[in-house]
Structures are given as C-alpha cells and as structure tokens.
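Given these sequences and hints, build the entire structure.
Protein chains: 2
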Amino acid sequence: MSPRTTDDHCYVGIDLGGTNVKVGIVNDAGRPLANLKRPTHSERGAEAGVANILRCVEDAVRQSGVKADAVRGIGVATPGTMDIPSGMMLRPHNLPGWNDVPIRDLIADHFGKPAFLQNDANAAAYGEYWVGAGRDSKSMVMWTLGTGIGCGIIIHDMIIEGEHSTGSECGHVVIEMDNGRYCDTGQYGTLEAYTGAKYFVQRALEALAAGRESSLREVIEAGDELTPLVISQAADAGDQLADDLIMDSARYMGIGTTTVMHTIDPDCVLLGGAMTFGRNETPLGRRFIERIREEVRRRAFPVPAAKTLIDYAQLGEEAGYIGAAGWARRKCGEGGACG
Amino acid sequence: MSPRTTDDHCYVGIDLGGTNVKVGIVNDAGRPLANLKRPTHSERGAEAGVANILRCVEDAVRQSGVKADAVRGIGVATPGTMDIPSGMMLRPHNLPGWNDVPIRDLIADHFGKPAFLQNDANAAAYGEYWVGAGRDSKSMVMWTLGTGIGCGIIIHDMIIEGEHSTGSECGHVVIEMDNGRYCDTGQYGTLEAYTGAKYFVQRALEALAAGRESSLREVIEAGDELTPLVISQAADAGDQLADDLIMDSARYMGIGTTTVMHTIDPDCVLLGGAMTFGRNETPLGRRFIERIREEVRRRAFPVPAAKTLIDYAQLGEEAGYIGAAGWARRKCGEGGACG
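Heads up: the protein sequence lines correspond to chains A and B, in order.
Just so it is clear: in the first sequence, position 112 is 112 by my numbering, and no numbers are missing.
Just so it is clear: in the second sequence, position 93 is 1093 by my numbering, and no numbers are missing.
Think of the hints as simulated: they come from the structure by calculation, not from any bench.
Note that the structure is predicted; figures quoted are calculated from it, not measured.
It is possible that some hints are incorrect.
[What the hints assert, rightly or not] Once the Cα atoms are required to be at most 30 Å apart in a straight line, the calculated DSSO-like pairs of lysine-lysine come out as:
1. B:1037 - A:138
2. A:331 - B:1307
3. A:331 - B:1331
4. B:1331 - B:1037
5. A:37 - A:67
6. B:1138 - A:331
7. A:331 - A:198
8. B:1067 - B:1331
9. B:1138 - A:138
[To be verified] Short, incomplete list of chain B residues facing chain A, as computed with Cβ under 7 Å:
10. 1136
11. 1138
12. 1259
13. 1307
The C-beta atom is built at its ideal place from N, Cα and C for all residues, glycine as well.
Given below as structure tokens:
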C-alpha cells in the first residue's frame, strides 16, 4: 500500500453503454468518491453524445470535490467493435451510427489528461480484479451475462485485449459445432447463441411451441412480453419449464467455462451482469451457480476443477467505471504518461 | 540485436518425451550449436531416466565445444501433468511411473546452473515464437497434432502456463457439448476426442463399419494396422474416405482455432507435430491447412478471420528443445538469476 493519502491521486472512469453512461471518480485505492449515471441518448449521434460524456465527467469531478490536478488519468470503456491501440470506437453494435469515433483522444484533448480506451466487458473484469470479487486472484475470467455474453480475461494484471481488439470475446466460443443455434453476430453454435437474453427467451418460446406445460404460456396469451425477468420470476414461483431453461443456461455456461479454463487456467471465474438470477442472495441464484460448478467438475481437468473459484462478481453496475478508472491507473503506472 | 558475439551466452534445451529425449545447446540468437536425440527408456524408471538426461546434456555441451561457463541456464520441457512453479513432474501420461519427480532442481543442482521447467507443447510454441514461424508475431497459438492435441499460447513473450499448470491445454476445448466423442483423458466432445491420432483412426474404423467403400478396408483385411500415416498415404493415392477423414480433422481444428481466436485473439496460429500431412510441401498438406482457414473464415469475427496468420510451424522436431532453451534465456533475462 502506498503511504500517500488516497486523495492525492484519483482517476476518472467512464462506462459508456447503449442506454446509459456511468462516470465515477475513483481514488488510488479503488474507492468511488463520486459517481453519476445519465442517459447516453445514442440516437442524437456521436458528436452530441461525446459532449454529454464530457459534461458528465466535469459534473462528477465537481461532485467529488477533488481538485482537477489530482486527476491523473481517464479510463473509458465502450462496447466493441473498437481499435484499442488507436483509441477508436469502430462500429459499436449498441451505439448505431457512432462509427469511427476517436473517443480516447477527444476526451484526452478536452481535459489535457492521458486517456485510455478499453472494451466494456474487459473493464468490468478489471474492476472486479482490482477491488472486487477477484481481488485475491492472479488470473481471472469474468462473464457478463446480459443481452450478449461479455467476457474479460485478466492474467497477472494484463487485460487480454488481443491483437485485433477482439481478445476475451469468449461469449463466442463454439460449444456445439453441428446444428448449433444461430447468433445475430453471425456465429453458429456459440455460447452466446444459447445463453444471451434473446436466445434464452427463444428457447422458452420453442419449448412452449413444442407443447411444454408452463405458466409462461399465460404470459404470452395475455399479450405480455416474455423476458428473462419474467422467466426468472416464474422459476421462483415453481414453474418447471422456467427452471429448466435457467439450469440449461447454467449448463451451457459451465461448458464455456470449461473451455476457457482449459485455455487460460485462471484461479477465479466470476459471473456478473443482469442475468444472474439474484446471485447468492436467492435460492435460484445459488442453484444457478452450483449447476455451473457441477458442469465444470464433470468436464474440466480434476486439478483446476477442484481449485478454481467460481463465484458471482461483487461490484454490480459499478464494475465498468471502477475498472476503467483502475485501468487508467494501471497504464499510468506503467508508462509514466501521467506525470 | 546484441553487439556481443552469440557464443558469449548459450542455453541448454531439453525436450523429454515418452520415446526420446532431445537435447540441444542453443546460442543467444536461437541457433543450435549441437543437438542429440536418444531413447528415453522410460520403462527403466525416473532415477535411471534422469541420469540418462544428465549424460545427454554433458555430451551435447561437449559436442558443441562451448565452455561450461558460457551456459547461462537450462530449460527442460516435459509432458504434463506437472507443477511448473515448483519444477515438479507430477503424473506424466507418457512416462508411467515417473511420478513426483523434482526434475528442475535435480538438473539445476547437478550442473550448478539455474533451470526452468516448462510444458512440452508450450516450449515448442515458444521455440516457434522466438525463432520459427512465429518470430514476427506478438501473440501466438501453436497446435501440436499427434497422439494428443497439444497447444501452447504465447502473449507478448509470456507463456500462458496457467495458475495450476494447465494453461494452454486447448486440445481440450469443447467443440460438441452433447453426444460428443469420449477422450481417454476423461473429457467429452473435446477437440482432441475428434482429432487426436487414436480418434482419427477410430473415425476411420467407424466409417468402414458403416459400410463406406475405401482402400483402407484392404489394409485391415490384410491384417495390417490402420495408422494416421496409412490413412494419409491412402488420401494421397486418391482414396475418398481417407481424404474426407483428413478434411474433417481440418474442420474440427478450424472450430477449435475459432474458439481460441475468440479468447486470445492472437496474430498468428501455427500447426506443428506429426499429423500435419506433409505441411506446405504436399498438395494434401496445403489442402489441410486451407480447409482450416476456410472454417475459421466461416466462423470467426471478420477482422481476426481476415488478419490472423494461420500456417505451419517451421522448426519441426527441434521446436521443443529450442523453445526450452529460449525459455531459459527469457527467464534468465527477467530475474537476474543467471548472473
């Protein structure tokens, strides 16, 4: 631990999503001093969107009470596609029209501070690695379960960002080579094609169409939308189909986790994101992760199967901006770019 | 490049296999100054086996003409299972009975030089990364196709050895989750269960049992053994089943390669080992790798699919000991342990 008081240095973390942008001021120990969350308004385009982000940063710095020169660096996490070395967003799926935006340099130039771009799932993983559920880990994999299946891999304080900025995209590992489900990203038989929110609902609809009995049928007949939340509530209420669908998702996640364990062999695998069914706080969440562990024990080599911690992430929605700030801190420490 | 003459420093590389041990003296530029290959005689047990290795090293140093104090360090590559941090072989599948052998320290103590243990497939990958087909690569994955499907991953001069010494075991990624083939290592539906030598032959036998016409049937009826070499010769001679079996292997390798690309995103993927069908030297070898590339183009994200080099390794049988020596050089440079 540094003997300095933690307010001497701080970092800005930005987590840009399709719906909201989250910004936090994070001190050298990983504690948020201030944070805010505002609509991205992606439909207004990149220029207005970036101006909005800059205002968010200014407001968060003001809120935190830190002096501007205490901010050493700024981390910005965005969804892909992106080119990390040049700091560019390329064609982000969740931000239509925000193409070829040099977001890193726009932010750096505006504030006169070093800025660092990172993939959003990687940033969330880095946040957990720095001060979350992975803080005692040397090498870590984190899944983010939501619309897509995000993944971030950290090995010995290094993010696996890849040579074409598509490292750690383990939601797209193949789990079923023949007759695999189709994913909108253009892949077949991948983990995301089974467990992403849309495909989770698809599996429910297919089971209903095949005649499975379930309370979910009433939802549809009432004209309501079938969502992961609705399915999860039905499972909580004892619906067998809903429960099966969730346990199947756990099985798929266990298979993908085995593949990543046989590649990276981390000491810790975490699960975060919206589709984690209440995590360790609910019986369903506990059964979900236990089913993942069971599948890993069945498939992985005995030593990593026994020794690798598999658990839920801890930082929730804050993982992204904390990780982005932590990554700025890490890069500042590395290159001396931050004075 | 260092201004020193390359003979100032050299490294010993040991590649210990179930059948043979290969030892080389490698200079600072990765050039072998001497090398030898002798039977391992694993059936004589670990104590006699280690004594044999020590004699091999002494003979190779003598052959090379370098002075003993020019040797800075010794790298030793062994098959798993192993514990890399403690320098132990645990229960190597190919060396029955060589259990819990502290091979790194036995070698280091005998020669009074720092020694470093590494997994054999990782060492071969590191050899190619240092001075072989991956020498211009930043991040690299190398498959070694043989009895098993070995894999080595190098990212920015770091070998992914994992937290339990089971990193880079990508032969055991899952490619078919349900009804997958069984692999003797205890896994189901993994890449090795389809493409390892034994399973390659199994697929041939199954196709024959299912009534496929093929010249391979005559091999069996003549009482000869069906081997990968025999199948490959039949394919060369125009046998359609043999050709299909090899192209199916290529398809499986393309699927496994896609999974690893979506995890690591290297700039280079290499194929080495015995089951590479003549490599770029033969029409069959060229079609084999082209079929792998085709499968990757079909399945991987467009940017890495277009930009990742997929090719054959170059160092052949020498990759292992050159890589072991290179890894000793790398570790010597890192820690100052080598004076």
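Could you work out which of the previously given hints the structure breaks and list their numbers from low to high? Of the numbered hints, 1, 7 and 10 do not hold.
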